[in-house]
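Residues in the sequence shown are numbered from 1 upward in steps of one, following the working numbering.
Honestly, the hints are just simulated from the structure, not real lab data.
Be aware that one or more of the hints could be misleading.
[To be verified] Within a straight-line C-alpha distance of at most 25 Å, the following computed SDA-like cross-link-like pairs (lysine to any residue) qualify:
| id | residue 1 | residue 2 |
| --- | --- | --- |
| 1 | Lys171 | Val91 |
| 2 | Lys44 | Leu57 |
| 3 | Lys67 | Leu103 |
| 4 | Lys171 | Arg190 |
| 5 | Lys132 | Pro144 |
| 6 | Lys171 | Leu148 |
| 7 | Lys171 | Pro122 |
| 8 | Lys171 | Leu139 |
| 9 | Lys67 | Asn213 |
| 10 | Lys171 | Asn213 |
| 11 | Lys132 | Leu57 |
| 12 | Lys67 | Ala39 |
| 13 | Lys132 | Leu107 |
| 14 | Lys171 | Val90 |
[What the hints assert, rightly or not] Distance windows between CB atoms, simulated:
| id | residue 1 | residue 2 | range |
| --- | --- | --- | --- |
| 15 | Leu66 | Glu172 | 53 to 59 Å |
| 16 | Leu216 | Val23 | 41 to 47 Å |
| 17 | Val116 | Leu216 | 36 to 42 Å |
| 18 | Thr189 | Met215 | 34 to 40 Å |
Quantities reported herein were computed from a predicted structural model and do not represent experimental measurements.
We put the beta carbon where it would ideally sit given N, CA and C, even for glycine.
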Amino acid sequence: MNAIRRGLGSGLVQAFLVVIGLVWLTPLAGLFLSSLRSAQDTAKGGWWTALASPSQLSFDNYSALLKNSGMTQAFWNTVLISVPATTLVVVIAALAGYAFAWLDFPLREPIFLLVVALLVVPVQIGLLPVAKLFGALGLFGTIPGVVLFHVAYGLPFAVFLLRNYFAEMPKEMLEAARMDGGSEWRIFTRLVLPVGRPAIASLAIFQFLWVWNDMLVALLFADSSSQPLTVELQSQIRQFGSNIDVLAPGAFLSLIVPVVVFFAFQRHFVQGVMAGSVK
């Protein structure tokens, strides 16, 4: 009897999760079908009508998108912003996290408390002063300027997360490596990084998704030649409100890349999300 109850309970849970998954994927499927329909078909009915009439679907919109210089340039700008901003945050935070966790240096604790305090600073507070600073340095309106802003505001959380994760590693493991003659750099690269892979992967996903989907920072710090896909889509909506044959595939392209990244690293994400705070 208990086995039957457990089976029914497991079946109900699985059915519930399947329903939740389908509901979550419905907007993505709708956007994808809309991106395959012409503007005329879209004006006649909702995306679900394509299920009964598959002849509406074609990849002509994506061909037109590839010929749209503004959208293609915005896509590559997004890549050029997101990849360096994610890589720099992960590398710097990993180094700083290890130093705060296991190295002794003057004012270690006060500096770490200062880093933690920066977590409560809203991003909006730094927009105007950083814009003035970038203007003086010639970085305003450039891709490096946008990258530097994302790196600066992503580091406090990144350092906090990785420091807490690294600090929970067994002290005996690191002492044994030192007794065997391992340098700090060798211990960091051969021991700490492999063990800390789940937390590092989770951090990379968080940072990439935040930077890829950002519009506020890019809207202020990027000019027309360096603006990412989110700003270009917003500009296309404002200028060509009925330009659905370009907007739909562009929006789907902007959405599908973070989804692919998340599912590619979901195993590490589940293992490492908030790992430092629950150990």
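Practice problem: Could you grab the alpha-carbon distance between lysine 132 and leucine 57 and see if it respects the 25 Å cut-off? | Solution: Violated: lysine 132 and leucine 57 sit about 48 Å apart, past 25 Å.
Self-check item: leucine 66 paired with glutamate 172, Cβ distance criterion 53 to 59 Å
Solution: About 56 Å separates the Cβ atoms of leucine 66 and glutamate 172, which means 53 to 59 Å holds.
Quiz item: Can the restraint linking lysine 171 and asparagine 213 be considered satisfied, given a maximum Cα separation of 25 Å?
Solution: 39 Å, violated
Self-check item: Distance restraint between lysine 67 and leucine 103, which requires alpha-carbon spacing of 25 Å or less
Solution: Answer violated: lysine 67 to leucine 103 is near 53 Å, above 25 Å.
Self-check item: Pair hint outcome, lysine 132 versus proline 144 [Cα-Cα no greater than 25 Å]
Solution: Satisfied, since the Cα-Cα distance of roughly 15 Å is no more than 25 Å.
Self-check item: 41 to 47 Å as the expected CB spacing between valine 23 and leucine 216, which holds or is violated
Solution: Roughly 28 Å apart at Cβ, these two residues miss the hinted range, so it is violated.
Self-check item: 25 Å limit on alpha-carbon distance, applied to hinted pair lysine 67 and asparagine 213
Solution: 23 Å, holds
Quiz prompt | Pairwise beta carbon distance, threonine 189 to methionine 215, judged against the given window 34 to 40 Å | solution = With a Cβ separation near 36 Å, threonine 189 and methionine 215 satisfy 34 to 40 Å, so the hint holds.
Quiz prompt | Pair hint lysine 171 and leucine 139, alpha-carbon separation not exceeding 25 Å | solution = 43 Å, violated
Exercise. Would you mind confirming whether the straight-line C-alpha gap from lysine 171 to valine 91 stays at or under 25 Å?
Key: 23 Å, holds
Practice problem: Indicate whether the distance between the beta carbons of valine 116 and leucine 216 respects the range 36 to 42 Å. | Solution: 24 Å, violated
Practice problem: Verify the proposed pairing of lysine 171 with leucine 148, using a straight-line Cα cut of 25 Å. | Solution: 35 Å, violated
When held up to the earlier numbered hints, the structure conflicts with 3, 6, 7, 8, 10, 11, 13, 16 and 17 and fits the remainder.
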